[in-house]
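**Q** Here the protein sequences line up with chains A and B, keeping their order. Start counting the first sequence at 524; every next residue gets the next number (my numbering). Start counting the second sequence at 991; every next residue gets the next number (my numbering).
Quick caveat, the hints were computed from the structure, so don't treat them as lab data. Certain hints may be false.
Claimed, not checked - With a Cα cut of at most 35 Å, we get these calculated DSBU-like pairs of lysine-lysine:
(1) A/K579 / A/K593
(2) B/K1068 / B/K1001
(3) A/K592 / A/K633
(4) B/K1047 / A/K592
(5) A/K549 / B/K1047
(6) B/K1001 / A/K592
(7) A/K593 / B/K1001
(8) A/K579 / B/K1047
(9) B/K1068 / A/K549
(10) A/K633 / A/K579
Predicted, not measured: the structure shown is a model, and the values here were computed from it.
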Amino acid sequence: SQQGEEDPQALSIQEGENATMNCSYKTSINNLQWYRQNSGRGLVHLILIRSNEREKHSGRLRVTLDTSKKSSSLLITASRAADTASYFCATLGFTGGGNKLTFGTGTQLKVEL
Amino acid sequence: GAGVSQSPRYKVAKRGQDVALRCDPISGHVSLFWYQQALGQGPEFLTYFQNEAQLDKSGLPSDRFFAERPEGSVSTLKIQRTQQEDSAVYLCASSFLGSGVAADTQYFGPGTRLTVL
Chain A
524 SQQGEEDPQA LSIQEGENAT MNCSYKTSIN NLQWYRQNSG RGLVHLILIR
574 SNEREKHSGR LRVTLDTSKK SSSLLITASR AADTASYFCA TLGFTGGGNK
624 LTFGTGTQLK VEL
Chain B
991 GAGVSQSPRY KVAKRGQDVA LRCDPISGHV SLFWYQQALG QGPEFLTYFQ
1041 NEAQLDKSGL PSDRFFAERP EGSVSTLKIQ RTQQEDSAVY LCASSFLGSG
1091 VAADTQYFGP GTRLTVL
């Protein structure tokens, strides 16, 4: 079953604008990861934030984590057409499932020229 | 090879046929995962191997699904007597380290799109 919800389900912006997508989850986590999936390609790992971290940056990406609200957000600044993809958050839990990731439902981002 | 590869990329099966999906992980990666991704959804965990040992198969939807990794490298996901609800993209991922290393990144293959008619 999916861990939680992402919103919006779909987002369309102009190139150069910022894109923000949110993720909510249900259980306690070890870390939360964001992945990108382009049409016809596999998932690409973008960034990982640990449960004891509140914010993390990587290039044009900024991720926040609020464990009290069980939510995370991904901000992509100065978006480009190449950022068009589906974005998924995934959580790694404390259960005995090893490194099993539980994914959200995804946000479809379209960046228009 | 630089990444995880999967074959075939596309598979069309008639209902009731058996299918076998192959995953070649990154060389030297200890952990291997299979996920199922239905249209418009996020991937869902199926099973996990650490070397040749299948440590978690809690996500396999029925006993028609079987996975193996006999030599601790290549893995095969087999689906017997396929049903229409099995139509999905099947993703394989590998990571360098074994379970217990929470920050170990999983690298995904391109997936096999299975369509059951």
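**Q** Each hint needs a verdict: does it hold in this structure or not?
**A** Evaluation of the provided hints:
At most 35 Å may separate the alpha-carbon atoms for a hinted pair to count; A/K579 and A/K593 meet this at roughly 16 Å. Between B/K1068 and B/K1001 the CA atoms are separated by roughly 13 Å; this keeps the pair inside 35 Å, and the hint holds. Simply put, A/K592 and A/K633 have alpha-carbon atoms about 28 Å apart, close enough for the 35 Å limit, and the pair holds. The hinted pair formed by B/K1047 and A/K592 meets the criterion: a straight-line CA distance of about 31 Å does not exceed 35 Å.
The hinted pair formed by A/K549 and B/K1047 meets the criterion: a straight-line CA distance of about 22 Å does not exceed 35 Å. For the hint linking B/K1001 to A/K592, the alpha-carbon distance of about 42 Å lies beyond 35 Å, and the restraint is violated. Between A/K593 and B/K1001 the alpha-carbon distance is near 38 Å, which puts this suggested pair outside the 35 Å criterion. At roughly 33 Å between alpha-carbon atoms, A/K579 and B/K1047 fall within 35 Å of each other, so this suggested pair holds.
Proximity of B/K1068 to A/K549 is assessed by CA-CA distance (about 31 Å); at most 35 Å being required, the pair is judged to hold. At most 35 Å may separate the alpha-carbon atoms for a hinted pair to count; A/K633 and A/K579 meet this at roughly 24 Å.
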